[in-house]
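**Student:** Letter by letter, the chains look like this.
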Amino acid sequence: MSNDVLVVAEIRDGALKKISLEMLGEGRNIAKQLGGDVQAVALGHGVADVATTLALYGAQKIFVADDPSLENYTAEGYTNVLANLVKQTQPALVLLGATTAGRDLAPRLAARLAVGLASDCTGFAVQDGEVLMTRPIYAGKAIATVEEAGRPYMTTIRPNIFAAPEADTSRAAEVENIPADAGEIRAKVLEMIMEAGERVELTEADIVVSGGRGLKAPEHFALIEELADVLGAAVGASRATVDAGWKDHSYQVGQTGKVVTPTLYIACGISGAIQHLAGMKTSKYIVAVNKDPEAPIFKVADYGIVGDLFKVVPVLTEEFRKMKAEG
Amino acid sequence: MFNPSLSDEHKALRELARHFARNEITPIAAEADRVEEYPWELVEKAHAVGLINITVPEEYGGGGLGYFEDCLVAEELSAACAGVYSSFVASTLALTPLNIAATPDQMERLMKPFCAQPALASFCLTEPGAGSDVASVRTRAKRDGDAYVLNGTKRFITNGGVAKMYTVTATLDPELRHKGLVLLVVPSDSPGVSVGKKEEKMGQRAADTREVIFEDVRAPVENRLGEEGEGFGLVMETLDRIRAEVAAAAVGVGRAALQAAVQYSKEREQFSEPISSFQAIQFKLADMAIKVEAARLLVRQAAWLADHGLRNSYESAIAKCFAADSAMQITTDAVQVFGGYGYIRDYPVEKYMRDAKLLQIYEGTSEIQRLVISRWLLKS
Amino acid sequence: MHIVICVKQVPDTETKIRVKDGQLDHSETKYVVNPYDEYAIEEGLRIKERLGEGKITLVSTGPERAKDALKSGLAVGADEAIHLLDEAFEGSDPYATALILSKALQKLDYDMVFCGKQGVDEDHAQVGIILAELLDIPHISVVTKLEISDDLRSVVAHREVEGGHAVVETPLPAVITAQKGLNEPRYASIKGIMAVKKKVIPEWNAAEIGVEGDAVGVESAKITSIEVTLPPDRAGGRVFDEDPAQDAVKVAHLLRDEAKIL
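Which chain is which? The protein sequence lines are A, B and C, in order. Okay, so the first sequence: first residue is 1 according to our numbering, each after it adds one. Okay, so the second sequence: first residue is 1001 according to our numbering, each after it adds one. Okay, so the third sequence: first residue is 2001 according to our numbering, each after it adds one.
It is possible that some hints are incorrect.
Here are the simulated BS3-like pairs of lysine-lysine, each with C-alpha atoms no more than 25 angstroms apart in a straight line [stated by the list, open to error]:
| hint | chain 1 | residue 1 | chain 2 | residue 2 |
| --- | --- | --- | --- | --- |
| 1 | C | K2250 | A | K141 |
| 2 | B | K1197 | B | K1164 |
| 3 | C | K2260 | A | K299 |
| 4 | A | K32 | A | K17 |
| 5 | B | K1266 | C | K2020 |
| 6 | C | K2250 | A | K311 |
| 7 | A | K216 | A | K141 |
| 8 | C | K2067 | B | K1011 |
| 9 | A | K284 | C | K2016 |
Beyond 10 angstroms from chain A on every Cβ pair, some chain C residues (computed) [to be verified]:
| hint | residue |
| --- | --- |
| 10 | R2046 |
| 11 | K2048 |
| 12 | E2049 |
| 13 | P2063 |
| 14 | G2077 |
| 15 | E2080 |
| 16 | Q2106 |
| 17 | Y2110 |
| 18 | D2111 |
| 19 | D2121 |
| 20 | E2122 |
| 21 | L2152 |
| 22 | M2194 |
| 23 | G2237 |
| 24 | P2244 |
| 25 | A2252 |
To give a feel for the contact side, a few chain C residues facing chain A, derived at Cβ under 7 angstroms [unchecked claim]:
| hint | residue |
| --- | --- |
| 26 | Y2031 |
| 27 | T2057 |
| 28 | T2170 |
| 29 | L2172 |
| 30 | P2173 |
| 31 | E2227 |
| 32 | P2231 |
| 33 | R2256 |
| 34 | I2261 |
FYI, nobody ran anything at the bench for these hints, they're computed from the structure. Predicted model, so just to flag it, every value in this text is computed and none were measured. Quick reminder that beta carbons are idealized off the backbone N, C-alpha and C, glycines included.
Could you build all of it, start to finish, from the sequences and the hints given here?
**Tutor:** Listed below in structure tokens is the structure:
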């Protein structure tokens, strides 16, 4: 068994997803402490070129599995290819992103390899050659430190937690093509339905602007959207507004919705019930706008404005617009 | 032997009612109170789940359960909104005389179709001149061939404007006082039935409360419950039985107010600490809790007796009187704990206080309950 | 069509989390059915209603109290429930849990297996998928819409992906994990609750399902939690309540100059 860390890169629409870079950054950290290299594997079709750019972000060796059968992510296909690779190269640790694909793939791969999997990790520590992982449980109300008995270690990493390294054009890495036979795939993708609109995806966004019941009516989400547009942010919604049908469930931030960890979370007309906090309280900065000074959201907000959101939000939008224009 | 503890089924039933209350009633309670509109979809949803008509026998489309179970549901639904729940309990009140005295034919003809659809019934007893003094009912039932012709006005009738079926207390002859009373089941679409304007109430505003006017309404003799002259006894037994549910509703309101006060006292800080650390507040909360717990046990006892076919006038009067008076005290104290915020409509406690008041008045005022209790004590 | 649904209990989400000596303290915990499992149960019931035929069997590996979860599933309309109960199962990690379930499923003639996408306690989101691998059948996870083919041999599901949905088709048997939005779980009915009294819930232990004691439970764990802590409290921030417009301008500038965002 080697001391290498294997990062399962994610490529989408011909580009490396940011999580791949974040994994390389933290993977390199861990590999160093284990005394090994950080390696990456890319699967897909027509991804060979993009895969080589993984070297710029620190991959010391890159495995490429390029085949039409891997064009769309499938759990079975990717498990077959990766299981073979892992059995061959025997890395110490396999990192995947806690993305929709990663969360779908990692358990199957772990079961195939008969090893444990630590899901949605937010931290790692290497102690006496052992890798300890921290992960949120109870929707982030508690943090567990876990150890794994089997090898390789396997974990999915939550996006937006670790820093993505800067591209270093001086770096290069050996590229190896690996058997890309996806094998038998029973569950097949028929089509991908992408939501219209350019807005950033909620769980990947750096800034999130959310609206709650304080908006009083679904049309008023326009205020939230305008602010989000100016900031290049994603739009989120509280459970109350989703239950009322103002926004689709995919916008819901909270315990039974999405957990987001943006750099900035702006909560407008959201009271801050525990269910909602569970979805956003690890945001780096939280701004709250609410006319109720007793609203629990103010307890977690770094900057809170007690006031009518219909007065505050347009002014915020205008001010950010001005600041952006200034450069 | 009276056992207040809950079986697994009781717990599951209570959980269902609590879940329904939280998801369906709580979100709309404040608005229903504000606009004084009856939320009809709730009746449909409650009917689908089986949370109304609980004490009607299964063979006629009801839940086939006892008052004990009905009281578990009452507390949960009422904690979410006493106004909404009072519509359900008023309907049960109207169905109770049928449960007691209807013939199998009457159950088949009247109860079964009623329970098959989401619907509410209404108990038409109170009149402008007949409140606590039931025997002074003046709505006249005059025998005419195969029907009684009804004439009169009923007041403060819950579900008056939305009921499908009325159970009407009328008199064959006012001179006979209680010996003249008779109970008749009248479909609400009977010719001659009309309703007055909706009353604008202090609380329980989601409930539809109106005058119901009978003008030459023909009620077939087959719709009479029990014999002529048995009406008064039937009304009294009905009120005896329903007291436990109303008391349970009072427990629900009290509990909701207590929980809100406890939560608020932990969050509200004055003089650099949460107000829950002040003994004045702690003692208030303790007194409120004592009342809720005691009232609940009294309710269960009254319900248990009814379910076991035992006379429960004394116990149910105690339960209703204590629970209703307690709910008034608890909700008033809850507003006090909230201080200024307790007076504002944005916070739930002022509604609990307004809702609680009616509990001391309807289905037998607290004064009437005390009469029942003292008569029981003093009978030789 | 035989649908087997895996259910578990989790602490009520309203419960405050207590940590004692680096471990979770469940002494005062109230347990409820895992919310994602409720979507799974509801979907099973809807499929049976749509097809006009079928059988819904619930399975759970929890301790004695897990029977409550099975009962509430029966109360909403599931046909049968089986409790996989054995001391040896306690402390099982996701892999061991899936192993136990897979052994039980091998004794049942199933067409589809439903699980919730994750348990809202440990948030692993693994058991359903591991189960599929162990049974060597396909899986579709985080499903928000499900349709069965007319010949009942395959399903088409929508699953959430970043920025939209993937439409995935798979032949049966398969494991489906349920996501919020798949359906609206129904209430139990009073009749349903009362009917549960008469239902018998058989218990299968390790020997009956053919599981070796050392393959499951605490000793077998591939992943172990060695410590649980509470996250650090966020330091309180600043609250502005002078004038909405002016406060908004202030905060916008603070975000740029102090927090250095934008």
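**Student:** May I ask you to check that C/L2152 keeps its beta-carbon over 10 angstroms from the closest beta-carbon of chain A?
**Tutor:** 16 angstroms, holds
**Student:** Could you let me know if the closest chain A CB is still more than 10 angstroms away from the CB of C/D2121?
**Tutor:** 6 angstroms, violated
**Student:** Hey, is C/P2063 genuinely clear of chain A, shortest beta carbon separation above 10 angstroms?
**Tutor:** 19 angstroms, holds
**Student:** Is B/K1197 close enough to B/K1164, meaning Cα to Cα at most 25 angstroms?
**Tutor:** 17 angstroms, holds
**Student:** Against the 25 angstroms threshold, does the CA-CA distance of A/K32 and A/K17 hold or violate the hint?
**Tutor:** 23 angstroms, holds
**Student:** Does C/Q2106 sit more than 10 angstroms from chain A, CB to CB?
**Tutor:** Holds, because the least Cβ-Cβ distance between C/Q2106 and chain A comes to about 16 angstroms, which exceeds 10 angstroms.
**Student:** Against chain A, with CB atoms and a cut of 7 angstroms, does the hint on C/I2261 hold up?
**Tutor:** 5 angstroms, holds
**Student:** Please settle this one: C/G2237 was flagged as non-interface, so is its CB more than 10 angstroms from every CB on chain A?
**Tutor:** 4 angstroms, violated
**Student:** Below or equal to 25 angstroms on CA atoms is what counts here, so check C/K2067 against B/K1011.
**Tutor:** 14 angstroms, holds
**Student:** Within a Cα-Cα threshold of 25 angstroms, do C/K2250 and A/K311 meet the stated pairing?
**Tutor:** 14 angstroms, holds
**Student:** Against chain A, run the beta carbon of C/L2172 and see if the smallest gap drops under 7 angstroms.
**Tutor:** 10 angstroms, violated
**Student:** Does the claim that C/Y2110 lies off the interface hold, with its Cβ farther than 10 angstroms from every Cβ of chain A?
**Tutor:** Consistent with the label, C/Y2110 stays out of reach of chain A, its closest Cβ about 16 angstroms off (over 10 angstroms).
The structure does not agree with the numbered hints 1, 7, 19, 20, 23, 24, 25, 26, 27, 29, 30 stated previously, though it agrees with the rest.
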